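Engineer: Given only the sequences and the hints, what does the whole structure look like? Please build it.
Line order of the protein sequences matches chains A and B. Residue numbering for the first sequence follows this note's numbering, starting at 1 and increasing by one per position. Residue numbering for the second sequence follows this note's numbering, starting at 1001 and increasing by one per position.
These are calculated hints, taken from the structure and not from any lab test. Take the hints with a grain of salt, since some may be wrong.
[To be verified] Pair ranges (Cβ atoms, derived):
1) Gly1041(B) with Leu354(A): 58 to 68 Å
2) Pro1061(B) with Glu264(A): 36 to 46 Å
3) Glu1062(B) with Thr6(A): 26 to 36 Å
[To be verified] Stretches of chain A that chain B covers, calculated by requiring three or more beta carbons in the stretch to come under 8 Å of a beta carbon on chain B:
4) 2-11
5) 317-327
6) 374-382
Since the model is a prediction, treat every value here as computed from it, not as a measurement. For each residue, glycine too, the CB sits at the ideal point set by N, CA and C.
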Amino acid sequence: MDLTWTEEEEDFRARLKAWLGLALPKLPAKPDPMDWPGRRAYDTTWQRMLYDAGYAGLHWPVDAGGQGATPTQHLIFLEETERAGAPYVGANFVGLLHAGPTIAAEGTAAQRARWLPPVLRGDEVWCQGFSEPDAGSDLASLRTRAVRDGDHYVVSGSKIWTSHAEVADWCELLVRTDPAAPKHRGISWLAMPMDAPGVTVRPLRTLAGSTEFAEMFLDEVRVPVANRVGDENDGWRVTMVTLSFERGTAFVGEVVACRRTLGELAAAARANGRWDDQELRRRLGRLNAEFTALWRLTQWNVSEAQRTGGVPGTGGSVFKLRYSHARQELYDAAAAVLGPESLDLSHDWTLDRLSSLSYTIAAGTSQIQQNIVAERILGLPKGR
Amino acid sequence: MDFRPTDDQRALQAGLRDLLEGRFGRERLRAAVDGPDRGPGLDRALWRELGAAGFFALRLPEEDGGVGLGLPEAVLVFEEAGRALLPGPLVATHLAAGTVAGAATGETVVTMVDGGLVEWLDAADRVLGDAAGAVPVRSVDPLTPLHRVPGVARTAPHPEAVLLTAAEQLGSAVRTTDAAVQYAREREQFGRPIGAFQAVKQLCAQMLVRAELARSAVYAAAVTADPVEIAGAKLLADDAAVRNARDCLQVHGGMGFTWEADVHLHLKRAWVRAERWQTAGAAAEVLAGAL
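Structural biologist: In structure tokens form, the structure reads like this:
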């Protein structure tokens, strides 16, 4: 049980902090949260700065263009960038955290050379075409069809809840390549260019007013067979790789951000007199325990990943279940601190409170995560 | 940084688990609750065996006859004590090992007054703190005799006592999770194991999540020995032990409400531990004060 850092890790941290001190003032002004093209430009600018400084794809393998950093160094990176108030991955989320790692793990040499460098440089943005109107949490019942025509697939169907579709260049797309096979078997994973003829994106407005996700209609879209990652009809297994990345590492930086927000909440409560309310004060104290423990759980999961190497394990589901609820409680507490001000949409915490509602739904609902924990970790029988 | 226990630490923990399974397994636990000499008797022979195994002297320096280990190792063995529902003033005797003669070897049983309560007063050889005027309580936990000490104000908690108690809560939370999962796999209703039903699965999953979060908090607090992290560990471990026992009882259905099932023993001990050393409210104040 060791929570100390090696000299090498401390050096890494010091160099990173020094660089952040120089780099962050050079960032352009933060765009309006509703302005997705503006956010894409801002997020990819940051990604390019990371790339130029040698911090892009820090934890990706070297042969995938990454820096081959250890999980511990990645943890330090997330901790320090968040502490310094650097932008989070934002529009680069799918490319850096799902599609990229999936291609790095499952793609051919040619596929890696084509798609990974632009993700790392911030030149290309990806979106996720997994969910469908009739296949949300029951992902494997997806119906978007891909029919082979020479060296192309002809894809027809529709996708929904496609994050960042409006501003994406590529889509990690799940399609059914064998309708006759059992539902988990006939699926393939394709990289689809978003400017291909037949792709229509209709932004969906979230309850927070933003258009961060969209519906996507696919009408006989031709996707080269060469864009398939993994074998034909083996897409489900490839998808499980993608999802384990999503659940394993996607929220790490946010825990640090939540701890910082909690400190700001306490300062605000002290300033406006609500700190004297014992119930509210203790509620913030309990959240302190919660987020500190979630950070420690992250270190536990990273230690596990470091020892086993490679793909993160089921520990991500345990983390995601608790974190998604804690985040909602955090912003509910923020509303209690703000009082009537919490009804003002111009307050960051109000928007964060609204967007926190997606956390128990996106990337597998809490109910699905509980089934995963029950069946895969606790070994309870499958059922309804 | 490798947060997981080392091989030596795992071996130490496994060793105590084996000792407790052999000396205080289910039959002994039930005999202590149901047997002819049930009641607040302390098994002195077992106490001395724990002493011989280094349970009390674990953190004493080797030159003083101790094992020379630290809080992380202590937390791992107290987790096992909690898992086995081992009765006795374990925390007080462990803390007294360096100062009270015979505590380290398990010859002397030491208890401590805390927050107006003292456990195992009649069985103990030494009482730390002022137990004058102590009146017996009809303790909710059949394996923890309690006295109330009137007029004693709650003092600042002993951080190590808080942490070791949290470790026992963690062990109990893990044990009730195991028990619920085992029952859910075996018990059939409507022609299938009840663990195949989502409602039951979700209870079990939440139990595991609570236990694993408490584990991260308890282990980290043992490494840092930071009083704020210790308060967080106690808060989360109390919650995990109490709520997991309740959910375990729920999974067991009517059976869970009987004296015959062990789960009520875990719940009652968890309630006792939650009142000891640092309550949830006090811990929350410490955690808020650190923001």
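Engineer: Look at each hint and say if it fits the structure.
Structural biologist: Hint check results:
1. Gly1041(B) with Leu354(A): 58 to 68 Å: holds, 59 Å
2. Pro1061(B) with Glu264(A): 36 to 46 Å: Given a distance of about 44 Å, which is inside 36 to 46 Å, the answer is holds.
3. Glu1062(B) with Thr6(A): 26 to 36 Å: For Thr6(A) against Glu1062(B), whose Cβ atoms are near 28 Å apart, the range 26 to 36 Å holds.
4. 2-11: holds (count 6)
5. 317-327: holds (count 3)
6. 374-382: holds (count 8)
No hint from the list above goes unmet by this structure.
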